[in-house]
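Visitor: Respectively, the protein sequence lines represent chains L and R.
Letter 76 of the first sequence, counting from 1, is numbered 603 in my numbering, and no numbers are missing.
Letter 79 of the second sequence, counting from 1, is numbered 81 in my numbering, and no numbers are missing.
The following residues of chain L were derived to be distant from chain R, with all beta-carbon distances above 12 Å:
| # | residue |
| --- | --- |
| 1 | Ser-541 |
| 2 | Thr-599 |
| 3 | His-602 |
Quick list of the computed label-pair ranges, beta carbon to beta carbon:
| # | chain 1 | residue 1 | chain 2 | residue 2 | range |
| --- | --- | --- | --- | --- | --- |
| 4 | R | Glu-16 | L | His-609 | 36 to 46 Å |
| 5 | L | Ile-587 | R | Val-76 | 21 to 31 Å |
| 6 | L | Thr-532 | R | Thr-80 | 30 to 40 Å |
No wet-lab data here; the hints were simulated from the structure.
Treat the numbers as computed from the prediction; the structure is a model and nothing was measured.
Yeah, the Cβ is synthetic: ideal placement off N, Cα and C, and Gly gets one too.
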Amino acid sequence: AQSVTQLGSHVSVSEGALVLLRCNYSSSVPPYLFWYVQYPNQGLQLLLKYTTGATLVKGINGFEAEFKKSETSFHLTKPSAHMSDAAEYFCAVSVSHTGTASKLTFGTGTRLQVTL
Amino acid sequence: GAGVSQSPSNKVTEKGKDVELRCDPISGHTALYWYRQRLGQGLEFLIYFQGNSAPDKSGLPSDRFSAERTGESVSTLTIQRTQQEDSAVYLCASSLVGTGGTEAFFGQGTRLTVV
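Isolated chain L, as found in the complex (with noise of 0.2 Å):
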């Protein structure tokens, strides 16, 4: 079985600041990760993901997160907070196989607050 834990149910940085979200997971085989984002009334958006290949992956808005299988850890960093970054952020792990579906394990989510 799978499982994520992302410290911080809240985070608060002032605008411009770095962006640090924390993902620690759990899984018995190779997994696939990712990073959502929701927005206020909104579902969930895919922010980057994980397969295989490099380590460090980048995604949409300025995110990337680098993947340490000795540390377990899935990270999302941002250099430079922005006003729009404020939302909910979860991390995710799956472990599908190839012709079968990707059930996703969710962390609990961290919100972002940014701060002028």
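Please build the complex by placing chain R on the supplied structure of chain L, with the hints as guidance.
Guide: For chain R alone, kept in the frame of chain L given last:
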């Protein structure tokens, strides 16, 4: 349609009533998923469909919950004899099948309030 569509967007129901939630996936997406998001919590997996069969129903919380899907199209999630703890946002997602790490596309959800 262009994205995953869910209806209704909001539903208020009295305790004990049955409710039906609808999901219209992206055309061509064989896989369809239902998740539940309770206030202040992450998303809980409920069930997924591959075509019209449901290989994994492990997340359905009780026998009051059921779901069906017609072919590779619309799915309905039915909650019978609703309870207050069923209040949540119910999210539907769809994806292609056959590649690892496939992106799931989410609808905007149905906010269910049981009073």
